[in-house]
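J.: Those protein sequence lines, which keep their order, are chains A and B.
Residue numbering for the first sequence follows the numbering used here, starting at 1 and increasing by one per position.
Residue numbering for the second sequence follows the numbering used here, starting at 1 and increasing by one per position.
Bear in mind the hints are in silico, worked out from the structure with no lab data behind them.
Quantities reported herein were computed from a predicted structural model and do not represent experimental measurements.
Mixed in with the good hints there might be a few duds.
Unchecked claim - Estimated spans, in silico, between C-beta atoms of each pair:
(1) Q388/A x T253/B: 56 to 64 Å
(2) T192/B x I383/A: 44 to 52 Å
(3) R115/A x S23/B: 29 to 37 Å
Unchecked claim - A short list of chain B residues far from chain A (calculated; beta carbon distances all over 10 Å):
(4) E50
(5) T60
(6) E232
(7) R238
(8) P361
(9) P412
(10) A421
Where is the CB? At the ideal position from N, CA and C, for every residue including glycine.
2 protein chains.
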Amino acid sequence: MQPLRVGLCGLGTVAQGVLEVLSRNAGVIARRAGRPIVVTRVASRRLRPEVDLHGAEFSTDVVGLAGHADVDVVVELIGGADVAVDLLRTALEAGKPVVTANKAAVARHGDGLLRIARAQGVPLLFEAAVAGGIPIIGSLTRGLAANEVEWLAGIINGTSNFILTAMSDRGEDFGTALAEAQRLGYAEADPTFDVEGIDAAHKLAILAALAFETGFRFDAVYTEGISRITPEDIEYARRLGYRIKHLGLARRTPAGLEVRVHPTLVPDTHLLANVNGVMNAVLVHGNAAGDVLYYGAGAGSLPTASAVVADLVEVARWSACRNPAEGADIGDASASAPPAAPELPVVAIDGCTSGYYLRIPSLDRPGVFARVATLLSEREISIESALQRAQAIHAETRDAWVPIVIVTQPVPERVMNDALAAVQALPEVVGEVVRIRVEDFGNA
Amino acid sequence: MQPLRVGLCGLGTVAQGVLEVLSRNAGVIARRAGRPIVVTRVASRRLRPEVDLHGAEFSTDVVGLAGHADVDVVVELIGGADVAVDLLRTALEAGKPVVTANKAAVARHGDGLLRIARAQGVPLLFEAAVAGGIPIIGSLTRGLAANEVEWLAGIINGTSNFILTAMSDRGEDFGTALAEAQRLGYAEADPTFDVEGIDAAHKLAILAALAFETGFRFDAVYTEGISRITPEDIEYARRLGYRIKHLGLARRTPAGLEVRVHPTLVPDTHLLANVNGVMNAVLVHGNAAGDVLYYGAGAGSLPTASAVVADLVEVARWSACRNPAEGADIGDASASAPPAAPELPVVAIDGCTSGYYLRIPSLDRPGVFARVATLLSEREISIESALQRAQAIHAETRDAWVPIVIVTQPVPERVMNDALAAVQALPEVVGEVVRIRVEDFGNA
Chain A
1 MQPLRVGLCG LGTVAQGVLE VLSRNAGVIA RRAGRPIVVT RVASRRLRPE
51 VDLHGAEFST DVVGLAGHAD VDVVVELIGG ADVAVDLLRT ALEAGKPVVT
101 ANKAAVARHG DGLLRIARAQ GVPLLFEAAV AGGIPIIGSL TRGLAANEVE
151 WLAGIINGTS NFILTAMSDR GEDFGTALAE AQRLGYAEAD PTFDVEGIDA
201 AHKLAILAAL AFETGFRFDA VYTEGISRIT PEDIEYARRL GYRIKHLGLA
251 RRTPAGLEVR VHPTLVPDTH LLANVNGVMN AVLVHGNAAG DVLYYGAGAG
301 SLPTASAVVA DLVEVARWSA CRNPAEGADI GDASASAPPA APELPVVAID
351 GCTSGYYLRI PSLDRPGVFA RVATLLSERE ISIESALQRA QAIHAETRDA
401 WVPIVIVTQP VPERVMNDAL AAVQALPEVV GEVVRIRVED FGNA
Chain B
1 MQPLRVGLCG LGTVAQGVLE VLSRNAGVIA RRAGRPIVVT RVASRRLRPE
51 VDLHGAEFST DVVGLAGHAD VDVVVELIGG ADVAVDLLRT ALEAGKPVVT
101 ANKAAVARHG DGLLRIARAQ GVPLLFEAAV AGGIPIIGSL TRGLAANEVE
151 WLAGIINGTS NFILTAMSDR GEDFGTALAE AQRLGYAEAD PTFDVEGIDA
201 AHKLAILAAL AFETGFRFDA VYTEGISRIT PEDIEYARRL GYRIKHLGLA
251 RRTPAGLEVR VHPTLVPDTH LLANVNGVMN AVLVHGNAAG DVLYYGAGAG
301 SLPTASAVVA DLVEVARWSA CRNPAEGADI GDASASAPPA APELPVVAID
351 GCTSGYYLRI PSLDRPGVFA RVATLLSERE ISIESALQRA QAIHAETRDA
401 WVPIVIVTQP VPERVMNDAL AAVQALPEVV GEVVRIRVED FGNA
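From just these sequences and the hints, can you work out the full model?
T.: Here you go:
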């Protein structure tokens with residue numbers, strides 16, 4: 001049978017992984033795809049003579065790749081949202097199916113790209129764009145196809161999870177843990193994208209679009225990173241029965257969609273609390289399936305290549321049952337083309353509801369806790385648990401002050417903002433109140 | 001667009017769940033399937049006037065269901081391996097796609113049924129047969145399509161997991177925990193199928209067939225249940241850093257496939273050790289993706305219905321891209337038709353390799369531990385950890401004897417059998433040696 005001929009764009013670690021997986025697992029891939037999958041052309045702006053191209057033709061003309069007749073499907077692994085987006089558009093406009101691992105391109109330009117894909121009747125697949133080797137995209141669009149997704153929550157940035165795990169396991173501060181992540185190759189020299197939550201926001205925008213059948217709304221994702229998390233907060237959270245994780249959360253509410261990325265206290269018995277190091281996990285709550293959790297490697301050459309090649313298998317299956325004579329638009333048979341549903345409004349962060357962890361640095365005087373509790377209760381904020389006169393950690397014992405640590409029950413953020421302003425204004429409060437959101441996944 | 005017309009066989013809890021999910025989530029299902037999915041006929045030997053059939057025609061003629069022209073796809077939810085198998089054959093031979101949740105039928109007759117399905121060019125889908133709401137079948141055949149699966153391990157019987165969790169959390173014995181499971185509806189009046197591992201063996205046979213592209217080999221699965229697990233063993237295992245879980249394990253080895261279901265010590269930090277109550281989880285190790293874990297509800301009306309309806313969505317997509325004019329056999333485009341690969345031999349249990357937990361009831365005399373250690377070491381069995389003169393639990397302190405508890409490194413079972421015979425013959429050993437397998441998932 002005629003092989004599926006792949007034009008591979010980019011020659012970095014994921015692309016090298018794709019070449020390796022297609023070669024090493026050629027047998028099983030051909031059986032599952034119905035025909036062999038071979039890379040006929042590789043295009044990269046940078047020559048890498050050390051990489052074995054397994055007989056593929058090499059070119060530095062990246063955007064020209066889609067034009068070749070011996071390319072049935074384009075795999076875009078350049079990354080970023082400039083040249084890569086041109087390539088994606090060009091390939092789709094040429095009527096070629098496209099597979100990409102490019103989360104920035106899909107999160108920012110997914111609506112436009114899918115519009116071209118549907119108009120051309122070809123699939124645009126991006127399983128590798130979220131959570132590496134975990135087949136979460138296919139699970140949302142196929143495995144959970146019978147469900148209205150009510151919410152999802154994911155640890156979708158391995159760098160942040162590695163840093164928080166190191167801080168938690170060894171009491172390190174953020175800078176030390178970041179330096180270790182950089183030494184091990186888990187963080188870039190400029191770590192902003194990962195530690196400030198932008199990468200996770202890209203992925204959450206994609207998950208939310210598929211789960212809630214809405215558009216790709218990267219700009220609407222509320223985004224907060226982990227750079228201000230301290231070992232003290234990790235320790236107090238632990239004493240109250242929580243771990244601090246960097247989560248992406250998307251939830252359908254009567255007011256609209258909540259889509260937010262931020263550090264979050266998670267009950268320490270919850271599976272997400274026990275996802276450590278660079279691993280990723282996504283928990284999806286469907287209205288029929290209930291909780292379903294997916295766990296695996298979120299990055300790395302072979303895991304990401306596994307997802308790219310799974311998409312190529314989908315393209316092969318798609319092409320096998322295409323009926324060109326009828327010119328049928330079967331874009332919706334692809335794993336990733338969300339059917340058009342009404343656009344849901346995104347709820348601003350101060351309209352979101354969650355529990356809150358509060359660390360309130362205050363003078364060690366009688367009555368401070370009661371005063372704080374009163375300010376909360378006047379706004380109908382219930383205290384879930386607290387460390388009164390918490391045994392202070394490290395340098396906090398100087399100057400005769402102690403932290404008051406409180407975890408509240410869920411409350412709208414604007415109510416909490418109002419309460420925090422009042423607490424911050426108390427004369428006994430001697431430093432900035434730290435506030436971290438809490439999520440109990442409906443199990444409180 | 002013409003709806004996909006479903007003939008539903010059976011009217012038990014899962015069938016009622018299917019009716020409810022198709023009705024409640026009709027909008028999202030139609031968008032993902034490309035057209036509406038409606039139940040036109042329901043057949044059940046038992047009348048259930050209390051169930052809302054949403055306008056479907058009712059009949060007690062179960063096997064005749066497939067013959068109706070207004071049935072595009074048959075959903076078999078009768079269960080068991082007699083009438084249900086006749087129905088499955090009849091429907092497939094009539095050229096109707098079939099969706100089933102029947103693990104016994106697929107595990108015992110899957111090869112023959114898939115042969116008919118392929119000959120007829122129609123899909124036979126059974127996502128709901130394994131692990132309820134967890135889309136594990138689709139993940140093996142699609143999401144991980146690029147991988148050679150090296151091994152998989154699953155908690156795939158919720159009843160056994162509930163009982164072991166209760167025994168572990170509250171120190172209950174097997175009988176007490178079983179009675180509680182029965183009271184809560186998690187175990188049948190005759191619990192044999194669940195607690196002796198037969199249900200798990202059905203599911204493992206299905207997972208192994210798909211993961212390793214081989215036949216359905218229920219008869220070759222080594223099967224051991226949980227009825228002989230004691231609170232003492234759970235407690236000693238805990239002191240050594242393990243939880244006891246009932247696992248299905250399938251592994252490709254140079255000698256062939258290991259497929260076995262038995263109680264297993266799992267390191268307590270491992271995610272599988274933290275899957276509790278009736279929940280299920282399956283861990284798949286692919287040679288590209290690495291470890292991928294799926295977690296969710298393994299049973300229940302709506303979760304199982306979620307899987308059945310996901311398969312119906314697949315049937316709708318399949319029918320949308322079928323090309324009847326060419327009569328193409330596109331069985332392989334279905335989610336569950338494993339392409340023919342050479343049959344792998346199944347390794348007998350005494351050829352399998354694992355670590356072992358041993359509890360050796362012995363007289364409290366000097367030198368017993370050394371004698372046991374010598375017998376092991378003569379057979380090149382290494383001790384991983386041990387409780388010498390373990391602090392005895394409950395009644396074991398009578399008669400001046402103590403248990404010696406040992407966890408070994410992995411060793412072929414026939415070597416362990418030989419060692420155990422020698423240990424059992426020691427004059428100081430005063431009772432039957434308990435042996436439970438240990439799995440560290442390559443992380444030792």
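J.: For which of the previously enumerated hints does the structure constitute a violation, in increasing order of number?
T.: none
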